[in-house]
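Undergrad: Sequence:
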Amino acid sequence: MKKRVLTVDDSRTIRNMLLVTLNNAGFETIQAEDGVEGLEVLETANPDVIVTDINMPRLDGFGFIEGVRRNDRYRAIPILVLTTESDAEKKNRARQAGATGWIVKPFDPTKLIDAIERVTA
Numbered sequence: 001m002k003k004r005v006l007t008v009d010d011s012r013t014i015r016n017m018l019l020v021t022l023n024n025a026g027f028e029t030i031q032a033e034d035g036v037e038g039l040e041v042l043e044t045a046n047p048d049v050i051v052t053d054i055n056m057p058r059l060d061g062f063g064f065i066e067g068v069r070r071n072d073r074y075r076a077i078p079i080l081v082l083t084t085e086s087d088a089e090k091k092n093r094a095r096q097a098g099a100t101g102w103i104v105k106p107f108d109p110t111k112l113i114d115a116i117e118r119v120t121a
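Going by the UniProt record's numbering, the sequence shown opens with residue 1, and the numbers climb by one from there.
Hints listed in this document are in silico derivations from the structure and should not be mistaken for laboratory results. There may be inaccurate statements among the hints.
Unchecked claim - Below 27 Å or equal to it, Euclidean Cα-Cα: the simulated DSS-like pairs (lysine-lysine) are: (1) K91 - K105; (2) K111 - K3; (3) K91 - K3; (4) K91 - K111; (5) K90 - K105; (6) K111 - K90; (7) K90 - K2; (8) K2 - K105; (9) K111 - K2.
With the sequences and hints as input, model every part of the structure.
TA: So this is what it looks like as structure tokens:
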């Protein structure tokens, strides 16, 4: 059975790159444009892993991660942060919010797939 990935990013370009990369690697991909939509989609998506940006309108990645972790149903889902940010303070904040890992954009498709395989193994 295909593993399901929820991607949350406000950039259409990044969403498209993720969709192609993940689908080509055999994943089922569900997408949301920001944290608010991400939390809405999560209700029915049942993802095996979440890939989220940090800088987004309406609800940023930190708020989205905290929202996911507040719900017992989603507490065990790995969350990978995919962002242009590389600041140690932001990484630490994401980890404290409940992120599993951190990948800096622009992403290497092979490394992204490896990270997803690792956290869903």
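Undergrad: Give a verdict on every hint.
TA: Structure-based check of each hint:
With a C-alpha separation of about 14 Å, the suggested pairing of K91 with K105 holds against the 27 Å cut-off. In summary, the hint linking K111 to K3 is supported, as the alpha carbons are separated by about 17 Å, within the 27 Å threshold. For the suggested pair K91 and K3, the alpha carbons sit about 26 Å apart, so the restraint of at most 27 Å is met. A threshold of 27 Å between alpha carbons decides the hint, and for K91 with K111 the separation of about 18 Å falls inside it, so the pair holds.
Only pairs whose Cα atoms come within 27 Å are accepted, and K90 paired with K105 is accepted, the gap being roughly 15 Å. This hinted pair checks out: K111 and K90 have alpha carbons roughly 21 Å apart, not beyond 27 Å. Among the hinted pairs, K90 with K2 is inconsistent with the structure: their alpha-carbon atoms are about 32 Å apart, more than 27 Å. Taking the CA atoms of K2 and K105, the gap is near 25 Å; set against the 27 Å cutoff, the hint holds.
Among the hinted pairs, K111 with K2 is consistent with the structure: their alpha-carbon atoms are about 19 Å apart, no more than 27 Å.
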